[in-house]
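Build out the structure end to end from the sequences listed, making use of the hints.
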Amino acid sequence: MSTTTAGGARRARPRSWAKLTDMVSRWAFMAPAAIILLAMLAYPIFYTIEISFSRFDLMTFSAIEWVGWENYLHVIDDYRFWSSMKVTLVYLAFALPLQIVLGFGIAFLINADWRGRSIVRALFIIPMVVAPVVAGGIWRMILDPLWGIVNWLMGLIGLGPLDWFGDPNLAMAAIIIIDTWRWTPFVILIATAALLALPKELFEAAEIDGANWWSMLWSITLPLLVPIITATFVVRWLGAVKMFDIALAATYGGPGGATNVINLFIYEEAFRSLRFAESAAMAVIVLVLTMVLTGIFLRATRKLEELY
Amino acid sequence: MTALALQPSRRRSKLGRRVRIAAGIVACIVFLFPVFWMVLSSFKDQRDIFTTPPTLFFTPTLETYIGYMQRADINRRLINTIIVATGSGLLSIVAGAMAGYALARIKLKGATTIGVLILLSRGVPPIALAVPMFLVARSMGLTDKHITLILAYCTFLIPYVMWLMRGFFLALPKELEESAMIDGCSRFGAFFKIIVPISVPGLLSTLIFSMILAWEELLFALVLTNRYASTIPVAIAGIAGDTVNGANWGALTAVGTITVIPVVVFALLVQKWLIQGLADGATKG
Numbered sequence: 001m002s003t004t005t006a007g008g009a010r011r012a013r014p015r016s017w018a019k020l021t022d023m024v025s026r027w028a029f030m031a032p033a034a035i036i037l038l039a040m041l042a043y044p045i046f047y048t049i050e051i052s053f054s055r056f057d058l059m060t061f062s063a064i065e066w067v068g069w070e071n072y073l074h075v076i077d078d079y080r081f082w083s084s085m086k087v088t089l090v091y092l093a094f095a096l097p098l099q100i101v102l103g104f105g106i107a108f109l110i111n112a113d114w115r116g117r118s119i120v121r122a123l124f125i126i127p128m129v130v131a132p133v134v135a136g137g138i139w140r141m142i143l144d145p146l147w148g149i150v151n152w153l154m155g156l157i158g159l160g161p162l163d164w165f166g167d168p169n170l171a172m173a174a175i176i177i178i179d180t181w182r183w184t185p186f187v188i189l190i191a192t193a194a195l196l197a198l199p200k201e202l203f204e205a206a207e208i209d210g211a212n213w214w215s216m217l218w219s220i221t222l223p224l225l226v227p228i229i230t231a232t233f234v235v236r237w238l239g240a241v242k243m244f245d246i247a248l249a250a251t252y253g254g255p256g257g258a259t260n261v262i263n264l265f266i267y268e269e270a271f272r273s274l275r276f277a278e279s280a281a282m283a284v285i286v287l288v289l290t291m292v293l294t295g296i297f298l299r300a301t302r303k304l305e306e307l308y
Numbered sequence: 001m002t003a004l005a006l007q008p009s010r011r012r013s014k015l016g017r018r019v020r021i022a023a024g025i026v027a028c029i030v031f032l033f034p035v036f037w038m039v040l041s042s043f044k045d046q047r048d049i050f051t052t053p054p055t056l057f058f059t060p061t062l063e064t065y066i067g068y069m070q071r072a073d074i075n076r077r078l079i080n081t082i083i084v085a086t087g088s089g090l091l092s093i094v095a096g097a098m099a100g101y102a103l104a105r106i107k108l109k110g111a112t113t114i115g116v117l118i119l120l121s122r123g124v125p126p127i128a129l130a131v132p133m134f135l136v137a138r139s140m141g142l143t144d145k146h147i148t149l150i151l152a153y154c155t156f157l158i159p160y161v162m163w164l165m166r167g168f169f170l171a172l173p174k175e176l177e178e179s180a181m182i183d184g185c186s187r188f189g190a191f192f193k194i195i196v197p198i199s200v201p202g203l204l205s206t207l208i209f210s211m212i213l214a215w216e217e218l219l220f221a222l223v224l225t226n227r228y229a230s231t232i233p234v235a236i237a238g239i240a241g242d243t244v245n246g247a248n249w250g251a252l253t254a255v256g257t258i259t260v261i262p263v264v265v266f267a268l269l270v271q272k273w274l275i276q277g278l279a280d281g282a283t284k285g
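Residue numbers (our numbering), protein chains in the order written: chain A, 1 to 308; chain B, 1 to 285.
Source of the hints: derived by calculation from the structure; they are not laboratory data.
Treat each hint with caution, since some may be false.
What follows is a list of derived Cβ distance ranges for each label pair [claimed, not checked]:
id, chain 1, residue 1, chain 2, residue 2, range
1, A, Val101, B, Ile29, 16 to 26 Å
2, B, Thr61, A, Gly116, 27 to 37 Å
3, A, Val101, B, Val196, 34 to 44 Å
4, A, Gly68, B, Glu178, 34 to 44 Å
5, A, Glu70, B, Val30, 47 to 57 Å
Positions of the beta carbon are idealized from the N, C-alpha and C atoms, including for glycine.
Set out below in structure tokens:
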């Protein structure tokens, strides 16, 4: 490494050589991840796009002929696709707000200052690490109309029995309940950490000024929590659009497609009906929609954070 | 004067605290109940499972475990799941931690773009990857192999590890590697000799989360494996969907318990890190 100004043409080669090795050593850190992600993430996406514009030949199992938007037109004409999109939308519209509200609510409860706080918080990890497919299966047993414990408990207070998996609306409710059970603990854990990080002095000052509990919640706690709430919402949204395991294990999309979320529908179309081209088109539509909505949410959260 | 004025509100807040604690405990019990019920039911014999009212007291039996483990190929699936979870966890922690370090500490042209791309990759629906992966694996004769599943899991694990470790490395003092590099260490030397050793707790817990995510994955496992490399979640999906033979709750609860227990143990071991990681992942992610 020479830093003298004597430089000139003679120095140019070693310096550019050093620059090159330096650049290689910088990018070498990125290389393994980049190679795997290019091969396993970027390439499959492009391949999906290619299939979505092609006729798929089941003899050779490959895309053979460019057909333009034909597969997309088929998908748009398919009422099952739209009903599946609607199902997904209903699930998201109920499950996400429910999980956020419940999560922050329960976090507020368990954050009361007492000895068992950290134990209770740790216990909430347990539902969160139950495999979604196990969660779906277990809840299918718990909600069983004949032998399930939930219907028995409801019978004690004179309700039910409800046919959770036979009625379309109840089946959707069951899916939302199971997903909420599995994911609310995630929100609780984030929310408890966020609540603990709030500056205590603000609340003490407000209390001295005679602010009551309700006004403190609305004018101090919530505004301070806005960035966390929005971030949690985005993370949860990114997880929830991938909904698959729970619906597969608990209802398999039934009854009559009432819980057939879009990922399950595409899976069935591709791997049961072997309609790969249409499935690819649907996957591309879902991909684009997810990206656009995620972009909108990210922008909206930024706006919301600026407001507070 | 102020002390007097504060008294009623303090008493009320004391009562409020008790109510909060009680409600929090009730919520916790409600959330734990399904897991408790699963573990309990796995020790019941068929007669005790199908009762009204559901029984809490019965003579525990290992019948379902023994019977089901012998009939189904659960053992092989367990081994497969361990291989795949460990393999994809290790691969993604190495690749992801290095990339996370590059994002945090090395000035790279286009690092922001890469960061945005990683974030975007979290929005890719796995089904959009599963179709082409299946087709490519099939044409290359790579279906039903551990390595295929391991690489497939890297698609969601590497971005996850990168993001968590990036946050972790950003929090480390810069002087650490600077002094090492002045002492003549190369960039790699500084990373592996200085940064990695002090990051072991963070790396280990990130590895554990990654392995949990791989352990539970269903979609890729369904699509990319069939007999030889099939994992436990696939078996559970099969048992849960097995409506032809009636509800097979004994098997479901027994296999479910076997799947959940090790994960719960590991998660509780690293719970402090898990909570921290979640909070960071949400706020910085």
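Against the structure shown, which of the earlier numbered hints fail to hold, in ascending order?
-> 4
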